[in-house]
Each structure stands twice: as structure tokens, then as C-alpha cells.
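Protein chains in written order, with the working numbering: chain L, 1 to 128; chain G, 1 to 149.
Please note that the accuracy of each hint is not assured.
[What the hints assert, rightly or not] Cut-off 30 angstroms, straight-line C-alpha distance, at most; resulting in silico cross-link-like pairs (DSBU-like, lysine-lysine): (1) G:107 - L:52; (2) G:66 - L:52; (3) G:14 - L:52; (4) G:87 - G:113.
These are calculated hints, taken from the structure and not from any lab test.
Each chain, letter by letter, is given below.
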Amino acid sequence: MPDREEILATVTDVMVDALGVDPEEVTMEASLVTDLGAESIDFLDIVFRLEKALSIKIPREELFPENLTADSKYAKDGMLTAEGVAALKERMPYADITEFEKSPKVSALADLFTVGMIVRYLETKLKR
Amino acid sequence: MRWFHVDRFEVLEKNKYARAVKCATLGEDHLHDHFPGYPIVPSALNIESMAQTAGVLAGYTYDFKKNVILAKVERGEFPVMVRPGDKMVIEAWIDEVKPEGCWTHAKINVDGKEAASASIIFVHLEDELPESFVFTQDFMDLLEASGVI
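Please model the complete structure; the sequences and the hints are all you need to start from.
Next comes the structure, spelled out in C-alpha cells:
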């Protein structure tokens with residue numbers, strides 16, 4: 001099984017190909033949207049490329065959950081509710097939401113999709 | 001408006017490969033402005049030719065029953081200029097078909113030299129739109145006239 005460094009190297013290659021960024025920009029903390037400029041279609045493309053690079057299958061929404069905020073019990077007035085935060089933790093166990101949780105703005109959700117989140121997800125996935 | 005950027009399909013292999021041709025001609029108005037006295041086919045239109053060829057291939061995967069939408073173009077390269085009188089041979093390959101969309105790559109050759117290449121991703125819409133607005137009758141007529149369907 002590849003170690004964290006090897007997984008990060010693979011993820012870096014994927015980001016360079018999918019987003020046209022420089023390898024130096026791909027750090028564990030980098031947000032896919034804010035720092036690397038990813039758009040919605042890029043999330044599909046990243047999943048496709050990870051599957052190819054690592055010969056794995058990533059079921060839809062397993063890595064990038066969708067529509068969490070569409071449910072009114074999860075989001076209200078631009079903020080995630082307590083239920084929403086709990087659902088977020090359950091659906092994105094690889095994301096670091098420590099800071100986000102202090103002020104769970106819906107508009108800040110995209111920042112949780114980081115390179116580190118993908119690497120941690122892959123570490124768990126590849127161990128199975 | 002009929003916005004074809006292929007003239008004819010030569011090969012259409014379901015789930016696999018397509019080849020089409022397009023001849024650049026000074027009869028196309030935009031070449032007189034791009035550029036005055038030195039006409040070359042804009043790279044954006046080379047992408048259009050590749051996207052139409054790959055898009056038909058992607059659409060054929062779903063028997064033209066889904067609206068196939070161009071979603072992303074990656075790594076577009078245009079090493080050779082295409083000029084009036086050139087015959088472009090446009091080839092496209094399916095890389096992967098997933099429930100969310102279709103991954104392809106395509107290239108254009110002119111006189112045996114690679115003039116353009118790109119990876120192109122299509123997504124498809126099913127429920128949102130009841131009728132095909134991508135593969136209109138004009139498009140189907142082109143494929144039929146080409147003898148590939």
C-alpha cells in the first residue's frame with residue numbers, strides 16, 4: 001500500500017492534470033476551490049483521474065458529498081444547523097472541520113474540500 | 001443556425017472511435033478577419049471540430065437519446081496552424097463512460113501533422129430537458145449523409 005507521501009504525489013499529479021496548477025501549489029492545506037480554482041465539473045474529473053491513477057472505484061458522493069445544504073433541517077439562514085454539522089461530520093469524515101465548526105457558514109463549505117482531505121480519504125480507502 | 005464544424009463523418013464506432021473531416025475554406029467569413037491578409041482557423045474552432053466529433057461519439061454511446069453537453073476542455077494544444085485549403089482529419093476516442101458523463105480525447109491532423117489535440121469531457125442531461133436539443137435532425141442528417149449510421 002502506498003504511504004502518505006506517495007499518495008500525495010499521485011494526488012498532486014491528478015491536480016496538475018485536472019486543474020492546470022503548478023505542483024508547488026498542491027499542498028495538504030490547499031483548498032480545491034479557493035486555492036486551486038476548481039469548478040464543479042473538476043470534482044467529477046478529479047474522481048475519474050484518481051480512479052485511473054490508483055485502479056480503484058470511488059462511488060459517487062463518497063469523496064465529495066453533494067446537496068447537503070438542500071435539506072432545510074441542515075441549513076438555515078446561510079449557516080449549517082447542529083444537525084447539518086453532524087451530517088457533515090458523518091459524510092465527510094476526512095475533512096478537518098475544526099475551524100469551520102466555530103462558524104459553520106454555508107459559503108465556507110467549499111473550503112473543506114482540500115488536498116489533505118483527499119489524501120486522508122485515499123489512505124483509508126487503500127487500506128481496505 | 002447550423003453550426004457544423006465537421007463536413008463529413010468517415011468512421012463512427014460505438015463506444016470507441018470516430019473520424020471526421022473538415023475542409024478549411026476562405027468561403028467562411030470569419031477567416032477574413034482572423035487575420036486580415038493572413039487567414040488561419042482560430043484555435044477555438046479547432047476545439048469546436050474536435051468537440052463535435054467527440055460529442056457525436058459520446059452521444060452515440062447513449063444512442064443519441066441524451067443531451068450531451070461539453071463540460072471541460074483540457075490540455076488543448078495547437079502546434080500547427082490550419083489555413084484555408086487544409087483538410088483536417090479529426091479523430092476522437094472514448095476514454096471512459098460513467099453515469100455522470102463521458103471522457104474523451106481528440107486530435108486534428110493536417111497532411112499527416114498533428115495540428116491540434118485536447119481531452120474533452122461531456123456530461124449528459126436526462127431529466128432536466130425532455131427533448132434532444134443537441135442531436136437535432138440536422139445533425140442526424142449529417143450522420144446519415146455520411147453513411148455512418
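Violations among the numbered hints, reported as their numbers in ascending order: none
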